[in-house]
Amino acid sequence: MNLRGTLPTLILEALKHQPDHGYSISQRIKERSRGVLDFKEGTLYPALHKLEQEGLVESSEGVEKGRTRRYYRITRAGRTVLAKDQAEWRKLSRAVTVILREA
Amino acid sequence: MNPLETWLSGATRGLSEESAAQVRSEIQEHYRSAYEAAREGGAPAEEADRRAVAALGGAKAANRQYRRVLLTLQEAKLVEAMNAPPASPSPHIKMGRWMARLLIAEAVAGILLVTWKTHAWLLPNLALVGAALACGFLPIDTLRRGRTYRWAKWTAFIAAAGLAVWMGVKPPWMPLGFLLVPAYFDYVRASVRRKLPIHQWPRKLYR
Chain A
0 MNLRGTLPTL
10 ILEALKHQPD
20 HGYSISQRIK
30 ERSRGVLDFK
40 EGTLYPALHK
50 LEQEGLVESS
60 EGVEKGRTRR
70 YYRITRAGRT
80 VLAKDQAEWR
90 KLSRAVTVIL
100 REA
Chain B
0 MNPLETWLSG
10 ATRGLSEESA
20 AQVRSEIQEH
30 YRSAYEAARE
40 GGAPAEEADR
50 RAVAALGGAK
60 AANRQYRRVL
70 LTLQEAKLVE
80 AMNAPPASPS
90 PHIKMGRWMA
100 RLLIAEAVAG
110 ILLVTWKTHA
120 WLLPNLALVG
130 AALACGFLPI
140 DTLRRGRTYR
150 WAKWTAFIAA
160 AGLAVWMGVK
170 PPWMPLGFLL
180 VPAYFDYVRA
190 SVRRKLPIHQ
200 WPRKLYR
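Line order of the protein sequences matches chains A and B. The C-terminal position of the first sequence is numbered 102 in numbering that gives the first Met the number 0, with every residue numbered one higher than the one before it. The C-terminal position of the second sequence is numbered 206 in numbering that gives the first Met the number 0, with every residue numbered one higher than the one before it.
Take the hints with a grain of salt, since some may be wrong.
To be verified - Facing chain A, a subset of chain B residues (Cβ under 7 Å, in silico):
1. 35
2. 61
3. 62
4. 64
5. 106
6. 147
7. 173
8. 177
Stated by the list, open to error - Restricting the straight-line Cα-Cα distance to at most 27 Å, the calculated cross-link-like pairs of lysine-lysine (DSS-like) are:
9. A:39 to A:29
10. B:203 to A:83
11. A:39 to B:76
12. B:76 to A:29
13. B:203 to A:49
14. A:39 to A:49
15. A:39 to A:15
16. A:49 to B:169
17. B:76 to B:59
18. A:83 to A:49
19. B:59 to A:49
20. A:29 to A:64
As the list claims (entries may be wrong) - From chain B, some residues computed to sit far from chain A (all C-beta separations above 12 Å):
21. 18
22. 28
23. 45
24. 63
25. 118
26. 195
Derived from the structure by calculation, the hints contain no laboratory data. All C-beta atoms, glycine included, are put in the ideal place defined by N, C-alpha and C.
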């Protein structure tokens with residue numbers, strides 16, 4: 000399943016608790032969706048760059064197992080946007096569920 | 000060319016050198032992690048490579064998205080030109096340039112004198128566009144001034160085009176067609192403004 004436009008929200012959610020690097024973010028999203036979301040990993044980085052340009056995440060280099068990686072961290076503005084997106088998603092999801100139950 | 004290289008050359012097509020290097024570095028790092036995870040899961044080397052590249056998805060789709068957030072070749076050239084220090088030509092060249100400007104001004108004045116009765120729209124039009132362009136020499140080096148300048152410039156351009164249409168220029172789409180050129184340049188500048196952090200903006204980008 001490909002839910003267009005939800006990737007930035009999923010990234011922000013993945014970064015909510017701790018800073019992380021690109022590969023780990025992609026794996027976390029896939030695991031948490033139990034493989035339901037068809038998410039192309041090549042599009043993860045443009046989404047991360049966009050979030051960075053909008054000031055919703057910031058990045059810095061770090062070393063893990065001798066390898067230099069870029070770590071992304073959610074900003075305060077990012078948390079505000081995430082909370083807003085989550086509220087909107089819940090509202091939309093409830094509305095669709097009600098309609099489908101009636102069908 | 001191996002599958003990863005093929006993917007990278009597709010994903011970096013049309014991007015500036017710096018942007019392409021950034022894409023290469025982050026995707027190669029991602030690929031290495033995916034490849035190692037597949038190998039640890041027991042996949043043979045070839046299968047691990049195939050899986051790691053397949054997980055990246057289409058290179059074309061990635062390229063489209065990268066172009067929206069990273070500088071393209073054309074945009075990088077524009078930034079480079081804007082950052083270039085002003086050339087200091089010899090006094091002869093300086094004088095030549097002033098003479099050329101004087102000749103152009105004379106030619107424009109001559110055309111206006113000859114045609115102002117039949118092409119009355121030319122005078123207010125040139126005044127509006129000239130005033131808008133002359134404002135470009137003001138110190139526009141903050142976000143607010145830049146926005147105000149662009150707003151004023153486009154108001155003048157649209158007013159000039161509207162005035163020309165209203166005064167009966169034939170064909171009526173011609174003045175609107177002329178707006179396409181500055182619109183294209185402003186579109187490219189807006190794209191660069193979106194992609195570059197403000198502290199990296201050349202002074203001319205505020206306009």
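Discussion item. Let's test the interface hint: is any C-beta of chain A closer than 7 Å to that of residue 61 of chain B?
Written reply: Constraint on residue 61 of chain B satisfied, holds at 4 Å.
Worksheet item: Regarding the pair residue 49 of chain A and residue 169 of chain B, is the alpha-carbon distance no greater than 27 Å?
Response: 45 Å, violated
Item to complete: Under 7 Å, Cβ to Cβ, is where residue 64 of chain B needs to be relative to chain A, so tell me if that hint holds or is violated.
Response: With a minimum Cβ separation of about 4 Å from chain A (threshold 7 Å), the hint on residue 64 of chain B holds.
Worksheet entry | Agreement of residue 76 of chain B and residue 29 of chain A with the hint, judged by alpha carbon distance not exceeding 27 Å | 39 Å, violated
Discussion item. Would the hint linking residue 39 of chain A and residue 15 of chain A be met if the CA-CA limit is 27 Å?
Written reply: 21 Å, holds
Worksheet item: How about residue 173 of chain B: closest beta carbon in chain A under 7 Å, or not?
Response: Violated, about 38 Å.
Discussion item. Check whether the Cα positions of residue 83 of chain A and residue 49 of chain A lie no farther apart than 27 Å.
Written reply: 18 Å, holds
Discussion item. Under 7 Å is the threshold here; is the Cβ of residue 62 of chain B close enough to any Cβ of chain A for the hint to stand?
Written reply: 9 Å, violated
Worksheet entry | Beyond 12 Å from every chain A Cβ - status for residue 28 of chain B | Non-interface label fails for residue 28 of chain B: nearest chain A Cβ at 6 Å, not farther than 12 Å.
Item to complete: So, residue 147 of chain B near chain A? Judge it on the closest CB pair being under 7 Å.
Response: 23 Å, violated
Discussion item. For a C-alpha distance cap of 27 Å, please report whether residue 39 of chain A and residue 76 of chain B respect it.
Written reply: 31 Å, violated
Worksheet item: residue 118 of chain B: least C-beta distance to chain A exceeds 12 Å?
Response: 46 Å, holds
Comparing the model with each earlier hint shows violations of hints 1, 3, 5, 6, 7, 8, 10, 11, 12, 16, 21, 22, 24 and 26; every other hint is respected.
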